[in-house]
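Starting from the structure of chain A, add chain B where the hints point.
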Amino acid sequence: MRRRPSRRRLLVALLAATLVVVVADVSGWSATDRVRALGATVLGPLERVAGRGGGAALAASDSRAARTRLGYDAAVDARTTEEARQLRALLDSPGATGARLVPARVVAVGSQGAAGPERVTIDVGSRDGVTADRTVVNADGLVGRVVATGPWTSDVLLVGSADLAVGVRVGSAGTLGSLTGATGATGDTGATGMTGASGVRPRPAGQLDLQLVQRGSVAVGDAVTTMGSTGGRPFVAGVPVGRVSSVDPGGGRFAPTAAVQPSVDVTRLDVVGVLLTAPRTTPRTAVEGTAR
Amino acid sequence: MTGVLSPLRLLRALAVVVAALVAVVLGARVPGPLPDLVLPVVVAGALLSGPSRGALLGLGAGWVVDLMPPGSPVLGSAALLYAAVGLVAGAGRREGEVAVGWLALVVFAASAVPALGRVLLGLAGSEPVNLSATAVQWVLTVGLSLVVVPLLIRAEHALVRRHLA
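Those protein sequences? They're chains A and B, same order as listed.
Mapped onto full-length UniProt numbering, the consecutive letters of the first sequence carry residue numbers 1 to 292.
Mapped onto full-length UniProt numbering, the consecutive letters of the second sequence carry residue numbers 1 to 165.
Same shape as in the complex, but just chain A (with noise of 0.2 Å):
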């Protein structure tokens, strides 16, 4: 019985210690990166060989059969071909044109949020060239950005999370915008000074918030890509992102907002690629000015 007291002192003491730790990573001090990089560096190999065997045809890509773009022997098993078609797939993507990206295979989604997984680990790391903020992509387009790596893996913030902003061109006429994970039926409507119907109704489950941030119109279908950051980090420029799928009602807002549809599926990922460089532009050459 004498026990009791210390194991109830011990409890106390470690809530307080968790709690502490949620309140430095909430408030962002780095220290807690680091608690998760020993997490990553221990169990993200149990992670990588726990997930999906395969990865063949992406160790393959490291060498000459890359560039004659997978001449694969067609005696694979089912996945490797499968695997081998999706970085076919991502590789004659638009957005990897050019680019020098590393493939990699989702191994482990984290707990689900309200609109899906928020976070998931890929098995390439800082052994593979990746470092955090580094743009994540798949045939589709965008899919996050690296936020975490350990030595064999490293961990992507999805498009959706609450957490992830995207500033992103819309259109023709390439409005600049920003892009947000969907927040609830409580938005910021109260800031802009709008009330009662004209609210932003809360979005269906998966679909990114749009706002844009200069004047311009925008309409359904208009196409959303990144609008790129200095460096390419943590977006390289031009990825596509999705569409506009419905327009909000407009009422007192300086610039109108959207319901944007995006165009990775986060709940089906498999083979991805993190960019290392942006994809390769059309050059341009020079012209000469002709004076009448």
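If you're looking for bench data, these hints aren't it; they were derived computationally from the structure.
Just so we're clear, the structure is a prediction, and the values are computed from it rather than from any experiment.
Virtual Cβ for every residue (Gly too), placed ideally from N, Cα, C.
Just so you know, nobody snuck in bad clues.
Covered, in the sense of this in silico footprint (three residues per stretch, anywhere, with C-beta under 8 Å from a C-beta of chain A), are these stretches of chain B:
1) 24-30
2) 48-55
3) 79-91
Chain B alone, transformed into the frame defined by chain A:
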């Protein structure tokens, strides 16, 4: 049962790590909601050892969940949630055989803790809350726990008996 590294504790720790690992790996293969695999381990351990030990077990299990890549959005949040699960399930400890009705009640209450916790955290962060998916996951977790928890309890009893013999 004394000592930090008793066989029972090691087995519980192993069960927690395997459950957390299988949960994230299955998540990459199965689209749609999955039951919580760590919760039955915590509930079974807490039902046998009482609230404070149950809370300690839950805290440790939650830290494994927090650190298992890709990790929780907020580090330490799962640890606090599972500590509450261990506390609730441990409060349901009874001497002797655990009746099925009582077990169902304890499982129902304990699995409500993370479900409600996630909904409240989502609302606090003004994120959209997918109530139907949360409810489906809760039902799946309760169903799985009703099957797995009696098995785990029986296994622990057998282990303790053999250890004492």
